[in-house]
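Engineer: Chain by chain, the residues run as shown.
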Amino acid sequence: MTEDTRRIIAGPFNRVEGDLEIRLDIAGGEVRSAYVNSPLFRGFEQILEGKDPRDALTIVPRICGICSISQSVAASRALAAAQGILPPPNGERAAAIVHAAENIADHLTHFHIFFMADFARAVYANEPWHSEVVEKFKAKGGTLVGEALNARSEFLHIMGILAGKWPHTLSLQPGGVTKAPDQRDRIRLLAIIRQFRAWAETSIFADTLEHVLEIDSVDALRAWHARDAGRGSLRLFLTISDALGLDRMGPGPGRFMSYGAYPVDGAPLFPAGVWENGVIAPLDTSLIVEDLASSWMLGQPAHPFEGRTWPDEAMADGYSWCKAPRLGGETAEVGAFARMLISGHPLAAQLLHAGAANVRARVVGRLFEIAATVVAMERWVSEIIPGETFIARGRMPESARATGLIEAARGSLGHWLVIEQGRIASYQIIAPTTWNFSPRDALGTPGPVEQALRGARVLPGETTPVSVQHIVRSFDPCMVCTVH
Amino acid sequence: MKPTETFYEVMRRQGVTRRSFLKFCSLTATALGLGPSYMSEIAHAMETKPRTPVIWLHGLECTCCSESFIRSAHPLVKDVVLSMISLDYDDTLMASAGHQAEAALQDTIERYKGNYILAVEGNPPLNEDGMFCIIGGKPFVDQLRHAAENAKAVISWGSCASHGCVQAARPNPTQATPVHKVITDKPIIKVPGCPPIAEVMTGVITYMLTFDRLPELDRTGRPKMFYSQRIHDKCYRRPHFDAGQFVESFDDEGARRGYCLYKVGCKGPTTYNACSTVRWNEGTSFPIQAGHGCIGCSEDGFWDKGSWYARLQNIQQFGIEANADKIGATVAAGVGGAVAVHAAISALKRAQIKRQSVAENEENV
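Sequence lines, in order, name chains A and B. Counted from 1, the first sequence has number 185 at position 198 by my numbering; the numbering is strictly sequential. Counted from 1, the second sequence has number 688 at position 353 by my numbering; the numbering is strictly sequential.
Extracted from the complex, chain B is given alone in its bound form (with noise of 0.2 Å):
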């Protein structure tokens, strides 16, 4: 494969047809929140830009993350952002073996030096100079700070190469740690979550591949078109919760009625995450929806922050919480009605009204 091939010349080869390659341009760009006219220069930029490789790690994981991305929710975008990535390197998908294998990444992170984006599933655990998770002979921390070392990029998918996640939880028996103390010299992108939810993943891939630039990131580093509202704003629960009206336990009247579940320990009024919005599994369901309160998977620290079934004790009940995060609340005023209306509304919807409104905020200032 030459290095000089473009997005497009890379979907030709894997068969995809030009009508599925705009209709994907559009899709992209609703799912972006760019709005429909972006989608001439996207489909532009896929025809004359060389593909970025991406190189896809594992550390001290569960693999939860592919398991996810696999099942991304639209066919086509799957298929499509599948053969633009190409996972030049990724263990748990790749024909070759072994030392084959581990010559693939070498030859990868040779030959694209410095214009690869490097995509890190799990941690580095440092304890004992990192021999809880060896690959290859050498610690995975090694091999993670060689691949840094030429990337363009870091994507830290997941709430282990974002936070640590439950393998950091006391007492971190291997002082698991997240990505970002360990690399410190390159832009990272944190896609928190446990995992993250699929479209949420193709979504930040595709528009890094698309425009070259990393998103526009929160004051965490987490993508701001996917992590900018709580759970709690887009609850399809929420008039219950504003109504009083609480599920005590599993068992009872209130959990058959489906009524907020904040009493029996929802971490939704503190989590950052597309889930009740977007949705799980194909935009099928999220936790709320199968009668269990959010752990608040994508917060750092939700591991050690006391049980998952004590309710929240720093938020206040009705109207619009003092504490919140202010754009997040000037936005969830500004479509609250839209969002009543739309009780399953799409991930594409959702990512334009909200940019949107922070549009007609800003102007308003």
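Next up, chain A with everything else stripped away, as it sits in the complex (with noise of 0.2 Å):
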């Protein structure tokens, strides 16, 4: 192959939760396609299948020691359905507190540390911002990456004493938490996240959260950045941005889908939809179908209540232990821009180009619900009545179907359990990254980030192109959730 038409692979990748390769075919200075490797698979699923439904409750958590909380949430919602049971309110806004930390954390640490890094590289040395990024954001140097490692240790105390331990809780529970905070916790409770929105009224926003909630449109969010351009890590990224053109690099499939996040009273506070063409449809959740025509399993394409994780040892016919979700035939981009455009935030559908999310939509997406997650906590701790009960007791059933879906921070997690005979049947997980890390399907239809990769610039000689950094990076991938 000459310098114009090559294949490379990107990886093993850094800075990413697990272990994640790419091929790149390139021609004429951008990638032409990309096909994901997840090389790392446990089998979990197997391992859950035979044991005591509860013991879930210790197993899954394990997959991935970065959304520990979102697969025992997942968990829990998934026993407490078996068992026809639902939370007391102190219960749901416990859970949704813990919850909600590990999310926000996970936010945190893809924007300190995993993606801001990148654009301290040399090849951007005579940008004007680029100083500024490395004394910030170089990996491990930068002033922000320690400064944001203190603030999530601290805001993740809200983990002691709501959690006991993380990661790797034990208090969630599927009739509620077994911690039952009295007055003295609450207060506490307040007291980090009020430190915690202190720091990041400073550091990321430099303006209240409010304010920024309140920016509706792309020309707010221009004005909000030229008033004040020099402060704030949300401002210097809108720069790069601009400077670089990340909003309109990466572009996704167009169709987005959550399932809801943080049910309190019946209402969650990001909703579950289906966004496609600026239509927001219900969620459908009998139309998802695992594909297995790139992946190194054995079965049919299956609805992950019917399906079952084999693995083929024999490697054969594909290029990755990922299955394939498609929601109705079709893939689907999870997470944080998801949610914010699903919940109808004015500003959402405006950062889209060409009616797909890009770089800048998604680490905007992210930001903006730290924000508004922050809010929602001090929300939620203020209405825990200490001495009020915060777990309902349930039986387990003898037979049972039934489903935990919720939304960790990369976006959709679903657990679909079977219960035959007081045992596990079947235990079925798909992750937001299998979402957007899919290989191609029956089809030959590319998975959203190898769809976001086409077009991708590659400079002549990159080995490890910044672009495809940038992109993959922006769906912050957690590879040990992706195929557990």
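A hint or two may mislead.
To be verified - Below are the SDA-like pairs computed for lysine to any residue, each with C-alpha atoms no more than 20 Å apart in a straight line:
id, chain 1, residue 1, chain 2, residue 2
1, A, LYS38, A, VAL405
2, A, LYS38, B, LYS473
3, A, LYS38, B, ASP639
4, B, LYS598, A, VAL453
5, B, LYS473, A, VAL405
Hint data in this document are derived by calculation from the structure and do not stem from the laboratory.
Join these two chains into a complex; the hints should help.
Structural biologist: In structure tokens, the structure reads:
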């Protein structure tokens, strides 16, 4: 192959959770096609089969040390559905608070440690913002890297108080939570959240959370950016985005899905739905099918209640351990930006370019979600009533089919549980990155990231193209969840 | 970076002041149970010894160990430890990507041959020639063997590397195998727990870097300073156990009153770890304090020992357990009174008291 037409393997990727490799076919200075491989498989679904259903609460979080609470929440939701119980109001709020804390912590890590560091690369040395990025975000040495890690640690004291330990809590149970916070805990929680708010309002936004959430159009965002361009990480990102055209980079499939996040009193903070061509439709999860055409998995395409996870040890006919989930036969992009769009925030639709998400939209979606979630957490804490019950008692049925559908930081996470004779007969998990980083299906349709990489610019001689780094990281992959 | 740089020089370069450095040395001395007089010894070692490089590899795992490590309690300790070990190769935190990163790993291995510490998070799956965990186109087990060949010592972070953990639960689909079953010719220090407590991780690595030797290990290879006591020995709910006051279900009156969780499956009586003293998330709490029993995540085989909600059968109820580890029992008897007073006793004090008690016991023998 000539320099103009070549094939490279990007990866192993660093600064992502887990292992990831991407094969790129390059021609004419751009990516023509991309093949995403998740090279790590552990077999959690096989391990769960035959076990006591409650054991899922211990096994499932260990799929991932980063999204551990999300896995626990999904498992507890599935077990609650199997038992036909709902947590009491206090339990719902306590679970929402720990879940939100983890999701915010993930967004923080992504922005400060995984994503921004790529703009400190030498290739951008001539850009006017380069020295500031190096000072603040250089991997391991940047001032904001340390600052964000500290803010995050202190914020995660919430986990200590409500969840006992993190990663891998045990407090989240089907009927609620085992920890009943008292008045003193409530005040401590509020103090932790307020302290975090103060840091975020200084370091990330350089404005109040409420002002940021009022930004309702791209014009308003531009005006907000221009008013004080030198302050706060969000504005620095917008400066970079304008310079590099990140608002056009990495277009996804233009179809977005959310299972709905943080249900409290019957209404989620971010609603469930599917967004396509400007229309938000209700979500029908019976349309989900996992395609195996490009996966090293045996079996037929099936809904997760029917499908199984049997690895093909011959590794024939495929290029990834990841299955290809499709909604009504089509790909869907999931994540914070999808939630923002489906919740109807007016800025979200304007961040699309040609009907698709892009690097800027995904990053702005995450930072806006931090703001919206912190405000909600303050409310949930104030609504906790110490002394009232935090957990409802249920009885595990001999047989059941139940789902736990939740939103992790990176998008829609689903657990499909079948109980027979009191044991787990089947437990299928579709993680957010399984949606975003899925391989091609039987029709040859590439997964969202594979699609987003098409057309990415590759400079002559680049072996780890920087545009590919930006696009891949804009999805914040969690590869250990993807295949599990 | 020249290989002869000392720890102190590295810290200075990273902007750590002399004052912070000395504070770190005294904190380290107490954290390791060595007493304040060791401070000057630690300071001297760090000023004169060349920095020991650390390679941190990730196999079949969930990254929870790294996640725990980066949230170590004392901000000073965290900053200093991170700059000290400077993780010559760690794929979660490092700057470079892809082939550059692979080259950086190889470079570190060659440059510091026989002189670096290999820290392993996760374990190698051996089924189908290791293909369930492929890194840079090769099975992780190959990378592990290659990196271990010239390592001075190996740290097995967490229950995956030490024991196998839940991914090795029946039927263990990938044949996930702990590190010591693959690497048999190197000193291996096991730091189990899912994940291990951050302060335990920083404590172990600081000790190794400072004194250039392994901490004292128990017969299973765990550092005694953190794993010689059971959760039960220092549990703040222990008085309820002794008084026979138990939680029967998570929504009952006993649960609200904070009674003992033994009957809802707590494995504290058979689990050796520092959770009930050091605690989690910067000393905030630990699972029992949040109302759920211990699942014994730092014990070998905890994933296949039956339900986590079934009560333990093999412990005696009152007084000192007959089947307890001998040293554990004498230590517990020696410091029991002190523990009741200091419910929130710190890691530093705990290690110190325990060490003194051991010394006293040895004198008495």
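Engineer: Which numbered hints are broken by the structure, listed smallest first?
Structural biologist: Hints 2, 4 and 5 contradicted; others consistent.
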